[in-house]
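Working from the sequences, and respecting the hints, build out all of it.
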Amino acid sequence: MILRKLLIAVICLLSACLVAAPGSAAQGQAAVPSGSQADGMAILMRTANFLAQAGQFSFRLSAGYDVLQETGQKIEFGEVRQVTLVRPDRMRVDTERSDGEKAQAIFNGQEIIVYSPGDKVYATAGKPGDLDSALRYLVNDLQLRLPLSLMYVRDFPAELERRMLSVDVVEKVAAMDVPCIHLAGRTDTVDFQFWIPTEGDPLPRRVVMTYKLAEGQPQFWANFTEWNLSPNPPQGFFSFTPPEGVQRIAFLAELEVAKPDVKKVKKGGKK
Numbered sequence: 001m002i003l004r005k006l007l008i009a010v011i012c013l014l015s016a017c018l019v020a021a022p023g024s025a026a027q028g029q030a031a032v033p034s035g036s037q038a039d040g041m042a043i044l045m046r047t048a049n050f051l052a053q054a055g056q057f058s059f060r061l062s063a064g065y066d067v068l069q070e071t072g073q074k075i076e077f078g079e080v081r082q083v084t085l086v087r088p089d090r091m092r093v094d095t096e097r098s099d100g101e102k103a104q105a106i107f108n109g110q111e112i113i114v115y116s117p118g119d120k121v122y123a124t125a126g127k128p129g130d131l132d133s134a135l136r137y138l139v140n141d142l143q144l145r146l147p148l149s150l151m152y153v154r155d156f157p158a159e160l161e162r163r164m165l166s167v168d169v170v171e172k173v174a175a176m177d178v179p180c181i182h183l184a185g186r187t188d189t190v191d192f193q194f195w196i197p198t199e200g201d202p203l204p205r206r207v208v209m210t211y212k213l214a215e216g217q218p219q220f221w222a223n224f225t226e227w228n229l230s231p232n233p234p235q236g237f238f239s240f241t242p243p244e245g246v247q248r249i250a251f252l253a254e255l256e257v258a259k260p261d262v263k264k265v266k267k268g269g270k271k
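Numbering (our numbering), first residue to last: 1 to 271.
All clues given are correct.
Derived DSS-like pairs: lysine-lysine, alpha-carbon spacing no greater than 27 Å straight-line: (1) LYS212 <-> LYS172; (2) LYS120 <-> LYS102; (3) LYS74 <-> LYS102.
No lab work stands behind these hints: they were computed from the structure.
Have a look at this one:
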C-alpha cells in the first residue's frame, strides 16, 4: 500500500510530459508550413533554444490535470511546483498537491531521490552523470513520467523539430501579466498551446496540453511565474538527509525487475 501511495504521489509530481520521453517518439511528417506556421515555429524554437542554453533557472508552476473516472466523468486536480535546475547535473522539484500532500524529487549528479513526507518514505537510484541522462533514466528505466520533460533537456529544440506536425499563431494576448503570443501546435499524440511573451526573454507563461489519443482526451495546464535565470541555490540545496522515522523503499520499476520469471522456474520431480 505504501508503495502504491508513493507511486501515486510521484506520478502527480512528475506527470504530464509535453510528449513521450525524449528520443522515444516517431518523427511525424508535416506539410510545408504556412506563414502562420513558420512564424509560430520560429517563436517556439526561440523559447526552446533559450531554455536549452540557460545555465540555470527556476520557476513556480501552478498546474491542473484531468483524471478520468470510471463513470466517464473528468475531475480536475491541481498542484503547485517549485522547479530549480542548475546545469549540468542538478535539479530539484518541490510539489504541493491540491489536497495538501507534498513531495520532493532531487537529482544531484550522483543519484535520483524521491521523497514523500506524508507517507514517511523515500526512494533512491544511483545515476552518476548529467541531467539529461538522469531524466531519460527516470522515464525509460524507472518508468516515471516527468513534468514538461523536454523543457529541461539540452536537445529540447531538436526534439521539438522532430515531433511537431504544426504550430500556428492564434493571437496576441493582452490579458496576462505581460503581452504574449498564443501558439497552438500538434504532435501525433498531443495538441498543445503555449503563451510566450512578445518582448524580453521568451520564457513561457502558460501551457495547455490535450492528450488526444487517451480515453476522454484529458488536459493538463500550467501557469509559470517567478522565473529566475540566476537562482544560485545555497550549498546543500540538492542534498537529502532522511528525517528520523522515514523509511527507504525501492522504486516500483526496480521491484518489477527483481521479480523471478516464473516461466523459467522448473518444478522438481518426486524423489
